[in-house]
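**Student:** Chains as they are written, first to last, in UniProt numbering: chain A, 1 to 317; chain B, 1 to 317; chain C, 1 to 317; chain D, 1 to 317.
Possibly wrong hints are sitting among the right ones.
The list cannot tell twin chains apart, which means a pair is met if one copy fits it or any two copies do.
Lysine-lysine pairs mimicking BS3-like chemistry, simulated, CA-CA at most 30 Å apart [to be verified]:
{"hint": "1", "residue 1": "Lys144", "residue 2": "Lys221"}
{"hint": "2", "residue 1": "Lys227", "residue 2": "Lys248"}
{"hint": "3", "residue 1": "Lys7", "residue 2": "Lys306"}
{"hint": "4", "residue 1": "Lys227", "residue 2": "Lys306"}
{"hint": "5", "residue 1": "Lys248", "residue 2": "Lys78"}
{"hint": "6", "residue 1": "Lys306", "residue 2": "Lys248"}
{"hint": "7", "residue 1": "Lys7", "residue 2": "Lys227"}
{"hint": "8", "residue 1": "Lys34", "residue 2": "Lys306"}
{"hint": "9", "residue 1": "Lys34", "residue 2": "Lys148"}
{"hint": "10", "residue 1": "Lys221", "residue 2": "Lys20"}
No lab work stands behind these hints: they were computed from the structure.
Number of protein chains: 4
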Amino acid sequence: MLDNHTKIAQWVEQFRPYAKEGNCASYIPALAEKNPNQLAIAVIGPDGSEMRAGDTTERFTLQSVSKIVTFILACMDKGLPYVLERVDVEPTGDTFNSIVRLESHQPGKPFNPMINAGAITVSSMLSGDSPQEKIDNLLRFLEKMIGKKVSVNEEVFQSEWHTANRNRALAYYLMASGYLDCPVEEALEVYLKQCAIEIDVSDMAMIGLIIANDGYHPLLKTQLFPKQVAKLTKALMVTCGMYNASGKFAAFIGLPAKSGVSGAILAAVPSHAGLESPFPTGCGIGIYGPAIDTIGNSVAGVHLLKYIATEWNMNIF
Amino acid sequence: MLDNHTKIAQWVEQFRPYAKEGNCASYIPALAEKNPNQLAIAVIGPDGSEMRAGDTTERFTLQSVSKIVTFILACMDKGLPYVLERVDVEPTGDTFNSIVRLESHQPGKPFNPMINAGAITVSSMLSGDSPQEKIDNLLRFLEKMIGKKVSVNEEVFQSEWHTANRNRALAYYLMASGYLDCPVEEALEVYLKQCAIEIDVSDMAMIGLIIANDGYHPLLKTQLFPKQVAKLTKALMVTCGMYNASGKFAAFIGLPAKSGVSGAILAAVPSHAGLESPFPTGCGIGIYGPAIDTIGNSVAGVHLLKYIATEWNMNIF
Amino acid sequence: MLDNHTKIAQWVEQFRPYAKEGNCASYIPALAEKNPNQLAIAVIGPDGSEMRAGDTTERFTLQSVSKIVTFILACMDKGLPYVLERVDVEPTGDTFNSIVRLESHQPGKPFNPMINAGAITVSSMLSGDSPQEKIDNLLRFLEKMIGKKVSVNEEVFQSEWHTANRNRALAYYLMASGYLDCPVEEALEVYLKQCAIEIDVSDMAMIGLIIANDGYHPLLKTQLFPKQVAKLTKALMVTCGMYNASGKFAAFIGLPAKSGVSGAILAAVPSHAGLESPFPTGCGIGIYGPAIDTIGNSVAGVHLLKYIATEWNMNIF
Amino acid sequence: MLDNHTKIAQWVEQFRPYAKEGNCASYIPALAEKNPNQLAIAVIGPDGSEMRAGDTTERFTLQSVSKIVTFILACMDKGLPYVLERVDVEPTGDTFNSIVRLESHQPGKPFNPMINAGAITVSSMLSGDSPQEKIDNLLRFLEKMIGKKVSVNEEVFQSEWHTANRNRALAYYLMASGYLDCPVEEALEVYLKQCAIEIDVSDMAMIGLIIANDGYHPLLKTQLFPKQVAKLTKALMVTCGMYNASGKFAAFIGLPAKSGVSGAILAAVPSHAGLESPFPTGCGIGIYGPAIDTIGNSVAGVHLLKYIATEWNMNIF
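Isolated chain A (complex conformation) (with noise of 0.2 Å):
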């Protein structure tokens, strides 16, 4: 395994100069000062083997990436036919934060978790009696998945908090049409709290491991959350996981992935579908590359999960 961990390393340095086709995130100061031409990778096997390469040791937040841990999470606190209920899964092609098709498509039910409409009405169902329950709930179920603990990065979420109004008016127009479920002040701080948890690359690996894995956790050896739920969230990755480049995404790399604003992007690659890499029987990919384009999405780290695909041959289709 050698070689391929210096072929990655090498590749990281390859595509690491991409980063100036982007900047950093602007709106959050936190996010802004980050070096916007730092790359990183990781990518762990179910054996727990990782490979690693790039600035590993940096910490970021998860930002919309962590949508899919709560979708996850609300599934398994309250089940699947309640949260599709309140949450569609359908693609949309409109940017994150969009408003119109809440009104535009009567009842106002959003359209899947991984626009920021949906995932608030899903934090909002997560269990708890307060938002900090519902927070904690959240980071001993990562803390489950990763094996260590995290936190969240208050100086981010203060930030985050405090420049919300577009958050803040989806939510109220969620209320409104009655797509949530405990107060909107409540339902912003879990979304914006868990958006500003910290974490690293090999812990976005070990998540993205257990998601191709079927929410199996290969090293606790545990049945970590049921295998339709996983099936569910990998399609929703792969529809609708890459802002409104997911349908590129999908056409050109070809895997389930989830990115967020912070630069960090997690793939999983299912058991069966990277028969020719390293990593035989699937694998969970992390990576962090700051520097985003106008969409959200990493570009250096776009560019090096594509090349990385496609030399290990780990398309899903």
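With chain A fixed as given, assemble chains B, C and D onto it according to the hints.
**Tutor:** The following block gives chains B, C and D in isolation, referenced to the frame of chain A:
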């Protein structure tokens, strides 16, 4: 394999009653007259072995299933970059005949080749100096895949031609925005004739098999179209193939598939996705059940496909 | 003028039964409890002479009728250019609480001050360092026009405040786009308090008279606000005053008017428009009929106003 | 009146330089070749007296100004209820050639006769068994108003006919929704020929005068069309006549007016609205200035009309 033959025949009868929840497409007389209770399936594996059940001798028109064939052919004729400059590959969440997005998302490039707007653009790009030449090229391409002659059902074409006002609106709008490669009426003639090509479930299964096989025809032992085009097509089928129920189809069935209002469904099971099925190296599936739901998908057909995909563990995610 | 008094009393009874075609606004408890069969009218001429009929002692809240008063006051406080930089004066054809256009027409400037989005922007511009100061200024302005004290109905305000999710969505969206002049919750407090100001038909007729008179108070013999602001306000009433039935109201009645979901309608008959009426130099009209149609206009009120405008030839066109 | 003649000639020269801020419509060759610096005005009073200034001999095509004439004629031919069942009278805030609302507001009835969609519907309703008969009826109606023969500029018609893709899209969409009264190509022929009718500023002023006069031709001493239709038409001109700048035109000028992309503006000053002007009992105004703004209105023409309306106190509000 006898056992599976028996099973599949039983399943057809098990799901046939679901046809009652749908109706034959009413706006095309030739479709409206079909027997809504019919249901048929064919599955073909890479060695050419075939399982069939139900009303398999019934012939029907491709309708929107043709969109994947013309997309592949346009990519072969003009090259992928040329095609992608004129049609995007993003899902929309809108109905198949929606015109709104052409105006609301300037400069009006159609979002994907599976909605009518994008499909008409694709039809206009096919090689040929006249509609007849374009259609002849398409028929030849289909014949190479299927191994037998196919033809346009003139009655269905005439019937659609005279009621195609909504498609004409789309085509003239595309022309106004510069997204048609030939005169409007010619593009429409090609589009409506491709929709009226007559076929049976075995033919569809064969096309599905070749797409599943990344463009390689396992019986002819020829690469009919590039692997990249096949992968992209499968991605499009997952993100946009089942009209604005594509997300739910991906979430609960997890197969690249394309439906048509004739009640046709074509699915492509990639080589690595049915490891535990009777077709461990992939297969093509053709289904026909003319009673469709309000979105445009065969009701009994979707139920049947969902059951088979689950039983045989064919979900690609 | 006795004869006209008799006539107008008869007309009220003639059109009162139309209330059956509407319903009291249900989403505000205080409005839902109103007697739907009530109907009242007051007409005041420049010499202060008044004709009244029906349930004229009934007090009710201004609701959207307040939008014209705050618009005038904001123009006085900040000057027309300042106001028009933050709100346009174009009709939309959309419902009063629509949010779509804020996103679809960048940069998201509200289209006019008669829809909720624009009205909230206007409320945020009123002079005053706190919501209370802004409202106090508004009450003082109203008192100058009407000649007596008016106040906010706290019960109605509280009731609207706790169910204002849709308006909150609008306000947060406006804040995100930079179209609010004060914090969201302050703007909403002003907006919802102005909606809850209590008044009667004579008060409304008096305000209508001053607007009709181009801002000149005929009894105080003072120019209360600039002629240009009055003309602009009347234009706005014609193009946007009756929700998304404004076009039909202009077409068939032809008077500057503004309605509210409380069932209030205020009309301003310009000095030159009622030459053949009992008020040959213009007048103000106040109508109250709490049973409203699905668009938000008093059913009996609109019928009554249409009849009077036709009988007395008051159409401005 | 000599004094006013001099004034008006001076004003034309004063506002002529504003043409530099606009451009001749480029998409119709015959319009693109026009001299952008031309500016002309004609004002006609009920006694037939006329004031003219500028390039008054210039002939130009009616373009969208024709929409008010066909609306009136359709109301005469079919009766108001028939017409209003097929086209609403609500302003939209959208561009003149927008198609979005036909889909987003089911069942797709066009919002008003001043946008292209509604105007094409109106053209389809004109009496006559062929496009030529419909146009002949229209020409006869115009000749009765103007008192001289008018005709279609074939070059302009041909030029528009071959580039009318956007209008064809609208027409086919209307046909699909059931809002056309004759075949699509016939409706388009009528619509594009009416747009290509050639006229001069005096002709427009004469039409404006008759509309101002509630359908009564003061020289022929005949009621050419019902008063109610005239009032409705003036209301439509105020709410929708100046494209998506109608609101601002009403707010700052306050006259019923209709513009065309040829640079034509027709205004109707009602009998009671110009009490202090040289035309105390109303008048018609025709203006021509081919340099238009991005919305479609003559730049110099709007400035000139605004100045005159203010100077002569013609604002109807």
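**Student:** Going through the earlier hints one by one, which of them does the structure break, listed in rising order?
**Tutor:** Going through the list in order, the structure violates hint 10 alone and respects the others.
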